[in-house]
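For the protein sequence lines, the chains are H and C, in the order given. With the numbering used here, the residue at position 92 of the first sequence is 92, and numbering never jumps. With the numbering used here, the residue at position 19 of the second sequence is 19, and numbering never jumps.
Take the hints with a grain of salt, since some may be wrong.
Sample of chain C residues with no beta-carbon within 12 Å of chain H, all distances over it, derived [unchecked claim]:
| id | residue |
| --- | --- |
| 1 | 63 |
| 2 | 89 |
| 3 | 94 |
Ranges between beta-carbon positions, derived for each pair [unchecked claim]:
| id | chain 1 | residue 1 | chain 2 | residue 2 | range |
| --- | --- | --- | --- | --- | --- |
| 4 | H | 322 | C | 66 | 28 to 34 Å |
| 5 | H | 197 | C | 49 | 27 to 33 Å |
| 6 | H | 422 | C | 6 | 37 to 43 Å |
| 7 | C | 66 | H | 85 | 35 to 41 Å |
By construction, these hints were calculated from the structure, which means they are not laboratory data. Quick caveat, the model's predicted, so the values are computed rather than measured. Every residue, glycine too, gets a C-beta built ideally from N, C-alpha and C.
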Amino acid sequence: MKYYDRLIFELSKKGRTAYTLPESGCPAESIPAGLQRAQAPGLPEVSEVDVARHYTNLSQMNFGVDTGFYPLGSCTMKYNPKINEEIAAMPAFQGLHPLQDESTVQGALEVYYEMDKALASITGMKHFTLNPCAGAHGELTGLMIMRSYHMHRGDLARTKVIVPDSAHGTNPASAAVCGLEIVEVKSGANGLVDVESLKPLLGPDIAGIMMTNPNTLGLFEKDIKEIAALVHECGGLLYYDGANMNPLLGMVRPGDMGFDIMHLNLHKTFSTPHGGGGPGSGPVGVAERLVEFLPVPRVEKLEDGSFHVVRNCETSAGQVSAFMGNFGVILRAYAYILMLGKQHIKMAGKLATLSANYIKECLKDAYKLPIESVCKHEFVFDGLIDDGSSTGKPGATTLDVAKRLLDYGFHAPTIYFPLLFHQALMIEPTETESKETLDLFIEVMHEIAREAAEDPDILHGAPHLTPISRPDETTAARNPILKFE
Amino acid sequence: MSKIEKGLLYSESHEWVKVEGNVAVIGVSDFAQAEMGDITYVDMPDEGDEVTKGEDFGALESVKASSELYSPVSGKVVEVNSELEDAPELINEDAYAAWIIKVEMSDTAELDELLDAAAYEAIAK
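Next up, chain C with everything else stripped away, as it sits in the complex (with noise of 0.2 Å):
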């Protein structure tokens, strides 16, 4: 049984995003992580990238598979976890812990769109 963190807000693509003030703190749950086994490898966006709700902006590489990263939120990339680079399996290690990207937020609104964590519980299985 997979960890879902309370307070979080997660897209149906098996990202999480936590909200500090504008910006979106943006990484991928743990049902994400188990589903594609031991990371080798996080591909992710440039500093001061544009991101666009519901398109790709990287991918995580296992394995077993290779999968998009989509974005729950349109914006401008403040931060990249540049620690990914040397140490992908920190998102094994703990999804949550083991943030992405952060985004500045062009829209807040579209976060009324995202799921609580009861609601993403019913289709992370």
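In isolation and in its complexed conformation, chain H is listed as follows (with noise of 0.2 Å):
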């Protein structure tokens, strides 16, 4: 890989110009004096061939999936199919602007309208919101519907939310957002929610609970029925963080779990970009008697067919987007949804269930699987079997595998996370990968353990094939440099 790390305002150089703009419509003099600028804005001065040499350079420093496997747990970093991508650039769709009369967007109100059904049909919740634009930003305003169905009941000693401790991070910190307490519920030896531990947290100031299902270690919540139950009988609702979505898709429905609330990352499950490829989006599902409490706006059907948004509803939990959420997204997702159908979305699940104890099984001879179990999309590893500190040197972490693994193409897997592990290393395969790839990661993951093995200081130094090795997070983090100059 080429290293290249120029910023476009070092490129620049006085009076060079790709483009002259048109005489301005707009006299100077019209725009009142104290909103005028002082001196010309610092853009820089770069030429047409500067800025595309420029940015194709920078793009070429970029990991992607279209670049090679991405197994990062937790974060289903799936193949995002060009066909959305075609979809979304139709100008019908990508000329679209918000404040559009309604009888002028009656397509785009039925994808809304459409992509709601489909969700809510998958998961088995009564309504969805499209609105939210990210997972955590989806947990937000499930929580504010809970509130909202509390608040609204005339109930107000409900400020505890109970967390399981080895949920996302952003549970606990969405729950705090909306002004409620977090509680935390431990694991068993299992790794599954202990029911015992949960049963003397709930009482008359719980407002719910939010779970991960299948957890954050892959492992499916076997006695969910049973929590539900418990959660319900103290009057408290259940919230199912859907970042784990896709094992379940056409298999299982959160709905028939017993939740009330949950969100999708579309971004995930649904296939459209992640992780620096682009925005996010997080639509929220409610069981039926919360449907009052979604945000607005919302696109209902009429009778005559045609499609409208209801922006004003007294009982909302309010408005938590500009507009609609972002909706290039949704398209992009409701098109992998068609292409996939009732019949092969299951696929998905399945696929991406092997893969993972495909991976689980044949590693677990050089790395150490805390917990013997079939995984669903994920599972995690506690480290290297033997770290090679027998060597007298000091033994490799799992931090150092995963920046071994950079020299061999792959992007790192999820590490140290979920906490409930020292030296976590969750890997997530998805459906996306072929048995090939699969087992190339293998053959490379087993390498490495015997790298570390031999002389963990091959490990320690890594990566030695990037252009930057590991970069000195820590003075970053302490005195970061946020400017140009």
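Join these two chains into a complex; the hints should help.
Structure representation (structure tokens):
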């Protein structure tokens, strides 16, 4: 890989331009003096070829799912099919403006309406709002709905949310932003929420519980029916974090497990770009009794078959994004759902699960598997079995393994999460990869384990082949430099 | 092997306490700083804030993780170590010299529930 780290400002040469702007139709005098710039903006002065080469070079410094295998646990980095892009690039969609009159955007509104129905059918919820712009935004929206529900009933004492110790960090963060207090419930030795530890936490102050199923260890919470019954009995609601929805597609529905509110990550489960590749989308679905608390605006179908945007609803939790979320992302995900259809969507989850179990079984002779069990779409190792410390050198850690993987052309897995293990290494292959790719990854992981056992220093110095080896993250965090010059 | 200073009291959540009369000087153990890695930020309470035994009074952030600080005693914060605002690395350099807060204890009997150096050694690994 050719190293390129120039800033566009460093390329700037005074007086160099690519385009001449047309004469302004707006005389400068017409702008009030107080609003005029004192000096010209400090824009880079570059030619067209400078710009083209600069951004092309930068784009080649990227690693993405179009470049190689990206086994980032809990992130479902599945391939983004190009047909999604084709649909989103259609001029009739691309040229839309959010303030257009309703009668001129009936097709787009139909996409909203049909997407709501499709997601409801996949998850077993009654209705979805497509407005939240990311997963954590969906969590906050869901918790606002939870709070609105309790407040609407005049039950103001429910200020606490239960979160398992294996939860995504965003769960307690979203609850805190929503003004709720967080209570942690411990996992048992099998990695699942311990029902006996949960029972004493339940009471009249509990607004609900946030759960991920399968959980962050990739394990299915098999007691979910009992947990749902207990939480409902105490008057709380169940929130489903949809980050791990992929293995369940077409197989099991959160609504049927007893969840009342959930979010989906279209940029994970539904194949839209993710991880610096594009904005996200975190639709939130609710059970029937919570529909009145969904955010506005919402799309409904009128008797004459036309679509109408509902902007006011007294019981709504409010408006959570400008206009109606990231429409371009929703459109891509809708294309993906239609492409797979009801018959094929369940293959995604099955293949993702098969791939994860295949890697896990092939590598457990070299990496510590803390919980021996069939996993869903992902699993967690707890570091190397032989870290090389018997050589007298410091042992190789999970961080070192992850860095060494970069030398072999793979993206690193998620590391040091979940927090249940010291050397967590979380692998999620998704259904995207062929058996050949999985076999190559397994071979490389074995090779890295052999290197660690023989000479852990090979790993300590990794990556050796990337343009930058290990950036000084500590100095960057302690003394960040956030602007040019 | 992390260092465990004799003569201090420890909590199971890896804070240490040095008792100076009615005041508890509180920091984190060498084991805790080693687990966290290079600390980049220390979130501290204000002087005059009340803290409660077992509840969080701040947090440590490192490149690797963010971890809450749990108060080993209850009482009122009488002093915070403002040096840590600009130099969080002091905790990495010497976790027992870099105290975080001083608390005027409301119930010194709470100290009985803390661990001595020998008992802490058993869990700090």
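Tested hints:
no.	hint	in the structure
1	63	violated (4 Å)
2	89	violated (7 Å)
3	94	holds (17 Å)
4	H:322 - C:66: 28 to 34 Å	holds (30 Å)
5	H:197 - C:49: 27 to 33 Å	holds (31 Å)
6	H:422 - C:6: 37 to 43 Å	violated (26 Å)
7	C:66 - H:85: 35 to 41 Å	holds (37 Å)
Violated hints, in rising order: 1, 2 and 6; the structure is consistent with all others.
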